[in-house]
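Keeping their order, the protein sequence lines are chains A and B.
Residues in the first sequence are numbered from 1 upward in steps of one, following our numbering.
Residues in the second sequence are numbered from 1 upward in steps of one, following our numbering.
Read the hints as simulated data drawn from the structure, not as lab findings.
Restricting the straight-line Cα-Cα distance to at most 25 angstroms, the calculated cross-link-like pairs of lysine to aspartate or glutamate (DMTMM-like) are:
1) A:K34 / B:E238
2) A:K143 / A:E344
3) A:K41 / B:E182
On the chain A side, residues computed to face chain B include the following (Cβ under 10 angstroms):
4) K34
5) C238
6) F264
Quick reminder that beta carbons are idealized off the backbone N, C-alpha and C, glycines included.
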Amino acid sequence: MLFKTLTKKDFRSLVEIILQSNEVIGPKKSGTNKDGNPIHKFLPVAKFEEIDLGYQTTEFSPKTYFLPYKENLSTYRFENGEWEQDIRYRIQPRAIIGMHACDINALLKLDKVMARDKFPSPYYVSRRRNTFIVGIDHEPAEKCFCQSVGADTVTHGFDLFLTDLGDRYFVAINSDRGFNALAKVDAKLVTEKDSHDYLAVRAKIQNSFKTKVRIDNLPNLLDIEFESDMWKKWGNKCLSCGSCAMVCPTCYCYGVAEHVSMDFTKGQKVKQLHSCNLVDFAEVAGGHNFRPTRSSRLKYRYYHQHRGFVEAYDEPKCVGCNRCGTVCLAGINPPEVIADLQAEGHGP
Amino acid sequence: MKYLRLEPKRPRIGVFDFTSCEGCELQLANHEETLVPFLKAIEVVNFREVSSYKGEDYDIALIEGCISRDDEVGRIEKIRAQAKVLVAIGSCACFGGVNRLKNAYNLDEANKEVYGDKPKSTAKVRAIKEVVKVDLEIPGCPINKLEVERIVQCLAFEVPFNFPVYPVCVECKQRFTTCMMEKGQLCLGSIAQAGCNAPCPAGGLGCWGCRGPAPDHNFEEFMTLAKQRGFSEKEISERLGFFGGFEGRR
Numbered sequence: 001m002l003f004k005t006l007t008k009k010d011f012r013s014l015v016e017i018i019l020q021s022n023e024v025i026g027p028k029k030s031g032t033n034k035d036g037n038p039i040h041k042f043l044p045v046a047k048f049e050e051i052d053l054g055y056q057t058t059e060f061s062p063k064t065y066f067l068p069y070k071e072n073l074s075t076y077r078f079e080n081g082e083w084e085q086d087i088r089y090r091i092q093p094r095a096i097i098g099m100h101a102c103d104i105n106a107l108l109k110l111d112k113v114m115a116r117d118k119f120p121s122p123y124y125v126s127r128r129r130n131t132f133i134v135g136i137d138h139e140p141a142e143k144c145f146c147q148s149v150g151a152d153t154v155t156h157g158f159d160l161f162l163t164d165l166g167d168r169y170f171v172a173i174n175s176d177r178g179f180n181a182l183a184k185v186d187a188k189l190v191t192e193k194d195s196h197d198y199l200a201v202r203a204k205i206q207n208s209f210k211t212k213v214r215i216d217n218l219p220n221l222l223d224i225e226f227e228s229d230m231w232k233k234w235g236n237k238c239l240s241c242g243s244c245a246m247v248c249p250t251c252y253c254y255g256v257a258e259h260v261s262m263d264f265t266k267g268q269k270v271k272q273l274h275s276c277n278l279v280d281f282a283e284v285a286g287g288h289n290f291r292p293t294r295s296s297r298l299k300y301r302y303y304h305q306h307r308g309f310v311e312a313y314d315e316p317k318c319v320g321c322n323r324c325g326t327v328c329l330a331g332i333n334p335p336e337v338i339a340d341l342q343a344e345g346h347g348p
Numbered sequence: 001m002k003y004l005r006l007e008p009k010r011p012r013i014g015v016f017d018f019t020s021c022e023g024c025e026l027q028l029a030n031h032e033e034t035l036v037p038f039l040k041a042i043e044v045v046n047f048r049e050v051s052s053y054k055g056e057d058y059d060i061a062l063i064e065g066c067i068s069r070d071d072e073v074g075r076i077e078k079i080r081a082q083a084k085v086l087v088a089i090g091s092c093a094c095f096g097g098v099n100r101l102k103n104a105y106n107l108d109e110a111n112k113e114v115y116g117d118k119p120k121s122t123a124k125v126r127a128i129k130e131v132v133k134v135d136l137e138i139p140g141c142p143i144n145k146l147e148v149e150r151i152v153q154c155l156a157f158e159v160p161f162n163f164p165v166y167p168v169c170v171e172c173k174q175r176f177t178t179c180m181m182e183k184g185q186l187c188l189g190s191i192a193q194a195g196c197n198a199p200c201p202a203g204g205l206g207c208w209g210c211r212g213p214a215p216d217h218n219f220e221e222f223m224t225l226a227k228q229r230g231f232s233e234k235e236i237s238e239r240l241g242f243f244g245g246f247e248g249r250r
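If we strip away everything but chain B, and leave its shape as in the complex, we get:
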């Protein structure tokens, strides 16, 4: 189907998961209303959640999850070598995600806590970009399928995609959600990257910053105003560290 007399290209896509819950992959297979045209707009070369076919000649690799075991390093390097474009999808791939919380503990102790007397191979959690070159990051826990659709459309016509530059506040206001800070909750919305359409505050939960910091976010003022409102440094630090997007800023 031509659009404005242009024939869209069908990006050859492989989807791969590392340490994660596979929820972002599931998001790719969600939004049934447009699932058929979505899968027509791309060529699925390797995506175990939607197809048993396992090809190796993909151009675009979508990577879910972080690197938390040494054996994952070789696998991601191999995918990087094959892919023309490597896209990190979800907070785990972009920042390490909730898995990154492990880094605050002694690895052996963490291993014992989780696996008891049957320890598994484990390493410090790293985001994909800390291991191989990443061409595009689609943050979110999980990713927003509608945003992915727009990105795929841009890939199909080889035009640039722009993420919103504003923080979550704009999206809360645009859906008439009362400010969570006004309600007395801690909320990272004023410094966190939008694009999710602010579902958490709409559901009564302050933002946890799963998409990481917004461009030009005002971290210093945020810390000042959060403390003024009575939130402890520990509480703020825990919130900032939850998805790993604010690593180095707490």
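This is chain A alone, in the form it adopts within the complex:
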């Protein structure tokens, strides 16, 4: 990895240069919650001041800029017994400033599903390739458990990654795009003190995680406790509202529907993200539902996160951001569900 340092003033100049020719997305304060705490969202910004890099978490993950909730896959038109199709991939350049390591790790997981398999999604790949990513380190929020799932550190998947050293940023450069962007401002070569300070900040971050989740042997435990009553307990709380999957940075399940114009001359195939907790997720033609109960759907959500994905990609799908636990009105959250599962495993 190539490293440089950047004064905060120079970082501001860099963002302003990026703003000149890109749509820029950043964490923006969008209000306060009932307890008076700020709510942040990744939203388009017009000025550097709108970006609040001190945010703890965002209500929604930046996934939406790669896997939109709704996406037009194809438009087609009928005329004189013929038809023609128009497919457009999003290629306009975009920059996302201030992504945390967990969210970049989430993209790396999505890359494995969407960009590397036998059938890469051109919709995803075009958005991914045309998005310039500037990540930033942060002190973990109380409920973050990204360290437990190995997502607190990121070494690729971004263009630039910042660590705040007080008066300056320590910048990891991971692409020629990132290198060229830094060349437009006064980035400095790294001194021994810079490296020392960086490692001290990193050590402090690594030692400040309050929420810890043990995920070793989870795939086997999930299989052994397949019939456990704890799934009923948590399932009875589940609202089947899908909010967890909507805010999750790695959930990618979707449905496709045909939208026809009112004059029947054209139509669209529209992809919409779905959730495994919604009642029709496993309903098939003929009406049979393989997961008719809330508990079975919630269980399979955890199965995909911590067993199915591990089997396919050697790592959990979860990045430990706990957005699902925060958004869930019923208070279903991974640290507690997994602890409950482990308690079952130690039972008689």
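Starting from the known structure of chain A, arrange chain B on it as the hints suggest.
Below, chain B without anything else, positioned relative to chain A:
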């Protein structure tokens, strides 16, 4: 115009209003962008808000409003006898709507409160399905025109229409609306049927459940979490009762 070499049928439609504000009918005449093709895709046989022609040979009857007077019963029965398909549109027709609030009061007192010393004929409010057989319900206050357009398209090709099975939460998330409960408001979104595209929370108002309960909604957990957040049983009950969709659940 053929679609995939199929000729759409033009459903012969009659639109009728009972006790209501006629807002749902107005919705049918809204969305000007596609109003002309919408009116071409159907045959308006009887719809006083868009045409002075009053035919009686409709196949599909769209019913707005609830039954709140005895004389309405004979009229809806006659429409039922004529229509091959009877569709209840809007919260009033589907659940009784806000009119149903009347049922909590003594009828004579309610009559006096509203009409003073000039009382009108009035009866307990009933949803359409409590009076005649209903083949399809399109809930909402008002109905969502875009949804109606999709239903009409399905009628034109005689294919089934599926309402979303999820609650309003999905639609809030998909338009980046901050959770109203997180903001400290009472919101029925987690148990209410979606399909409206969640305009109320987007405008800063918690969901009032005008489309009724979502399939497989978790009522018990909702009551628990709403009370945990400090909402009183009275407040929750009033909210649930507002449009009548949660009748029997409060």
